[in-house]
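Those protein sequence lines, which keep their order, are chains W and E. With my numbering applied, the first sequence corresponds to residues 2 to 178, in that order. With my numbering applied, the second sequence corresponds to residues 2 to 746, in that order.
Hints are computed from structural coordinates only; laboratory data are not their basis. Please note that the accuracy of each hint is not assured.
To be verified - Some but not every residue of chain W turned toward chain E, in silico, with C-beta under 7 Å:
#1 109
#2 115
#3 119
#4 121
#5 144
As the list claims (entries may be wrong) - Not close to chain W: a few residues of chain E, all C-beta gaps over 10 Å, as computed:
#6 179
#7 731
#8 732
Backbone N, C-alpha and C fix where the C-beta goes; we use that ideal spot for every residue, glycine too.
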Amino acid sequence: MMPNTAVTGAGEQDGRCIPIHLTINGVAHHLSVAPWTSLLDLLREKLDLTGTKKGCDHGQCGACTVLVDGCRMNSCLVLAVTRDGADVTTVEGLGTVDDLHPMQQAFVDHDAFQCGYCTSGQIVSAVGLVAEGRTGSRAQIRELMSGNLCRCGAYPNIVDAIVEVAAGAREGGEPMQ
Amino acid sequence: MPTTAPKIIGYQQNRVDGPMKVTGGARYAAEFTPSDLHHGYVVCSPVARGTIRHIDATAAMAFPGVVEVFTHENRPDTAWMDRNYQDQVAPPGHPFRPLYDDRVLYSGQPIALVIADSFEAARDAAALVRIEIKVADHQTDIMAAQARAYVPPKGRFGISGPPSSRGDFGVAFAGAPVRIDADYRVAVEHHNPMEPHATTVEWMGDGAITVHDKIQGVMNSQKYVTGVFGMKAKDVHVVTPFVGGGFGSGLRPQYQLFLAVMAATALKRSVRVVLTRDQMWTHVHRPHTLQTVKLGATTDGRLTALSHEAIAGTSTFEDHQEVVVNWSGMLYHCPNAEFSYRLAQLDTYTPSDMRAPGAALGLFALESAMDELAQAVNIDPVELRLRNYSEKDENRNKRFSSKALRACYEQGGQAFEWSRRSPEPRSVRDGRELVGMGMATGVWEARTTILSARATLRSDGTLNVATASADIGTGTYTILAQIAAETMGLDIGQVSANLGDSDYPASPVEGGSWTAASAGNAVRMACEAVRSDLLSHARTLAGSPLNDASEEDVIFANGRIMLKTDHERSVTYADVLKGHGLDRLEAEKTNLPHFLAKLRYVGYTHSAVFAEVRVDEQLGQVRVTRLVIAAAAGRILNPQTARSQIMGAAVMAIGKTLEEETFTDHRFGRFMNHNLAEYHIPVNADVDRIDVIFVDEEDDALSSMDVKGLGELGIVGTGAAIANAIFNATGRRIRDLPITLDKLL
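Whole structure, please, built from the sequences with the hints as guidance.
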């Protein structure tokens, strides 16, 4: 795919922006980013990747969870310029409406969300968790998904969805991202 | 009407908006980004009461990227009459007016708005705004303010005041052989939907604006903006297709709507204002509430006297009111009863409805007291409730439109294996944990409201239904698509549902659990009207196979109108429209409450909640290991989304009962733990097994589709069931929510 070039607004005028390269959902981006811009704000405000949500901006809710080089991270706590060269996966990079990722499909099938606002973070976190291979029991899943708050209270359904996908992954089903 | 089409209503159906939500494609209020967008950052008052002497915005204005700092001194003119600020669900009083004058009414009040070309610049510059406030005395402590509690002089629309007293409570209570007299306290809670409140205003260039507001009803935002800014409704288009949770916090427009519209219209450019998570503690909350319940009973547990009193916090400018005590007068039979509900003014923002407002408070007190009574008379808590079962609403002397609560007790108790419960407190131990079981009754009003919907059948045979109502996560999109698909004889994949646009047929806010019954019936009626119209057109088609057919002679299924007696004689919907050269058939219908039936009947949903807890004896840590909620809520449209509604509310009840408390430092009059690390809501690890049972219940007296609503029912009762289980586990009766571990040690 064609590389994308973009700059962030603030700091651009006085030359305080820093050039970085990120691969986001498989697309190469050459960006000029102010040093104070979080990865979350970069995604949402500059790249219009609004699937990643801002719930607290303090690393307390998990709505902004993305995979950075495969690891679950709160993108609100990551300054974008510190991740030059990183590979970032957001919810938009997992699947599409017509071709859902197995975790996305499981969330739909198990009604693992209501309002949908924490859902992107839950799904990305769940994909990361399955990849970590730490889905041995419901108790383990509950503990390791506790960084992703859901005010609608869909937790039991979220666990059901993860249990299903993790079982599929163990049986050599679709590989996890 | 008989149909061979597959039944869709009442069957499990994945959310139709699910794929949008799981791919990140659903856009919320802060996720519309016009090219000329500017960002607003709110500066809040650090003091609870006072007068602003001076605001120095010089440094902020000099910050790169800043275009304006709005304060009360330079804001554009807005309306001056209270009624212009009163939204659809405003309580009596003087609505708060952001940036109106120099008065500070509560800590956290917005007093300046910084507008810049980036979010970061606005945030940084906001820290440079210098504010000088002459501080005045404040009162934020309800324990002190309750001495001046008062009966609100004007009732809130749609909220029943406390019931009239009946019999003679004083005499009956004094003479009762068994008496319970207890005080209950429920802490301030904040709604904290995962989506912070946000408004994006798109400046359309011709004086018109498109507003994306976090609101549980777009027409409420539209009414507010037209009232406050003197704009015409046609120039204020409010579009909010997705709401990231509400729980009541989005019923009334919050101050970011005012600020974003003010800035956009003044600067003639698009503006977005997003509240930070800590600013989510600068508007609505569930009020701090004090209650006293007195029960008098015979030694065999029959209630002879009941009194329920409540004092709830409100602001100094509005009388927010909830139905707290009334439930005690209708849930059980009792000949002598009295009630009181008063308010105490505090220097806070006006509280607002939070999931099952009033009921989640009142039922905690009543159902805790009933558990105390069960213990006192040594009768099983379920049996005690059955002995006092009410056959009518004794507050209003009306019949229940339906009440399958007995079935809830029975089926819930069986599923939970309630018979295994040891009635002796502190008698079951498993390792270092004490194990307990408790139960409680839940109740919520089944209401319907005036609400309109439109159905549009297109020439390709697909159907769209639309109403201005909202889906705040409740599943409204899905149940409306189900109802429309079944009524029109279409596959659900051929139906689309649209919500959250002020151009759609009128709807009030989504709240109070009235949307499914009201919007569902409006959609059904609109589809039926389209169906009739379609048949008329089918009969007059050239060479129609249905030329003399009446509605009784045909079925609508699989996108065709067919003769019942000969399915070969049929025509597709698409061919009917094409044959007449029509691109659509459309109908709009309005659901009306059954006003006549309401003279005789009252509608409620009921539940029986059973809880199992484990309490670490040394640490006081409580785990809710099992919840069974048996609900009687009329006809269930979609068991999957319905279960999620009950389950989600039960999770909120776990938070309410064990975790959630906003602390106030009364020296400063300020909420202290305004973040999600210090204000604890349930996390995944806190929630174990939750079983939901829907008992059969028919109810056609008040709802055209037998539908009653589910949004609140899972939280009422659940708090008391958990508290009662904690008593059973530990022998400790905690009447003060949340039940944090310090109260159990």
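Requested in this report: Please flag the earlier hints that this structure goes against, numbers listed from lowest up.
Outcome: When the structure is compared with the hints, none of them turns out to be violated.
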